[in-house]
Amino acid sequence: MAKVYLQTPLTNEDVLNLQAGDEVFLNGIIYLARDAAHKRFLELLDRNQPLPVDLKNHIIFYAGPTPPKPGQVIGSIAPTTASRMDPYAPAMFEYGVKGVIGKGPRGQSVKDACKDHQAICFSAVGGLSALLSDKIQSAEVVAYEDLGPEAVRELTVKDFPVMVVYDAYGNDLYEQEIAKYRSIDKTVGHI
Amino acid sequence: MRKISVEQIRDAVSVLCWEACYYLPEDIVNGFHKALETEQSPLGKSILEQLIENANLAAKEDRPYCHDTGLTVVYAEVGQEVHIDGGDFEAAIHEGIRKGYKEGYLRNSVVGDPLLRINTNDNTPGVIHTRLVPGDKIKLTVLPKGGGSENMSAMKFLLPGEGVAGVKKFVLDTIEAAGGRACPPIVVGVGVGGTFDKVTEIAKEAVLREIGVHHHEPHIAQLEKELLEEVNKLGIGPQGLGGTNTALWVAAETYGCHITALPVAVNIQCHAARKKSYVI
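Residue numbers (my numbering), protein chains in the order written: chain A, 1 to 191; chain B, 192 to 471.
In short, the hints are calculated from the structure, not lab data.
It is possible that some hints are incorrect.
[To be verified] In silico BS3-like pairs for lysine-lysine, Cα to Cα no more than 25 Å straight-line:
{"no.": "1", "chain 1": "B", "residue 1": "K236", "chain 2": "A", "residue 2": "K158"}
{"no.": "2", "chain 1": "B", "residue 1": "K330", "chain 2": "B", "residue 2": "K467"}
{"no.": "3", "chain 1": "A", "residue 1": "K69", "chain 2": "B", "residue 2": "K290"}
[What the hints assert, rightly or not] Simulated restraints on C-beta separations:
{"no.": "4", "chain 1": "B", "residue 1": "E240", "chain 2": "A", "residue 2": "Q108", "range": "31 to 39 Å"}
{"no.": "5", "chain 1": "B", "residue 1": "F387", "chain 2": "A", "residue 2": "E140", "range": "41 to 49 Å"}
{"no.": "6", "chain 1": "B", "residue 1": "H449", "chain 2": "A", "residue 2": "G71", "range": "51 to 59 Å"}
{"no.": "7", "chain 1": "B", "residue 1": "E240", "chain 2": "A", "residue 2": "D185", "range": "25 to 33 Å"}
{"no.": "8", "chain 1": "B", "residue 1": "G338", "chain 2": "A", "residue 2": "G96", "range": "27 to 35 Å"}
{"no.": "9", "chain 1": "B", "residue 1": "E252", "chain 2": "A", "residue 2": "D185", "range": "44 to 52 Å"}
The beta-carbon is built from N, C-alpha and C at its ideal position, and this holds for glycine as well.
Using the sequences and the hints given, assemble the complete structure.
Written out as structure tokens, the structure reads:
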């Protein structure tokens, strides 16, 4: 499990060098998009129309911040539950997105899509919202302003801390780590 | 009759909204520290340390601990000797939410129509539970409920004969299915008994109980202890990335129920276990 500093956008080589469990510090531009924006992205991709922002080789951060207080770049922010984006992620990877940041485990279709299209699922700590906000140097709404907290924003991040949870080789950090600490057999014994 | 104005109610709710979101309750922060002492996973320990740091930073700088400042659940215990003066009681609570989310720079996370899904841009409507109690005061409690953990909550009618074993299995299955999605370490509210509606209501009330305090009935306290131990054997750990602290606490509440029924509900609360009360 390595400590890696990466500059966005990612290259295929960046992706192939990462392994589940790697601690990664992201620098550069990442994009915020969540449920409502993904629904619109997929409608555009289905019609072979361009997305409002070129997300090829970029990282999408599944998050919606609180409003900034006067003087702040952005309010509190941390990832939302990644599995809600499961219906959209394979198509986004096929389009060319190289990584997503969320929290919590995902379905098999997303793990398979990481392998098929050389992409990474990162996790950031859910609810770590005051701390993560301080890793963001600029924030600007670049599409779908009508979605309010769900609008697509371009963020510039400095040493933004994430972990590789699903790599491009089919490894699953959740499964690996939970297996080490599980000490109950629900099918026998006391229940 | 003691008079309490709707403005007093509005203003109290408004302040409770942002106070709850900035300042994580002491029992929860203490729970992180206690979990840190026992956590076996190095990654789990690191996550718990970061949560403590985040709680300290949010409180110090008056910022939301979590960006999901929730759908606002408000509990009102209204003294029956109180006269509410100057307007509509529920409208005052919604107005307090509007004011609190705006002035506190909290995220508006509510859509007006669940299918049309247009954000109301003021975090209303809240969900209000009102109870008449003896006395001449009003106690207001605000629980900003995040979506990730609420989505993982569940309810089921068991067969009466399934008893304690059935309740435990349902609770463990629900928590296992949630895994890291519910943002562990979690607080687990369990409701047992009542009706379809009552069981979920008491499960959510259980989430409000101070952690470290068991149910007054010895057999329910025993159920809570056993469940906490078993939940933490699931291995899910902080953020679902493995470990021995999946839950900080399990609290159960019960209610009488029909001879044919054994309803059970599990309300999952993420580590942003916010709650704040004020008595007018």
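Exercise for review: Just pull the numbers of the violated hints for me, sorted ascending.
Suggested key: Nothing - there is no hint that the structure violates, so all of them hold.
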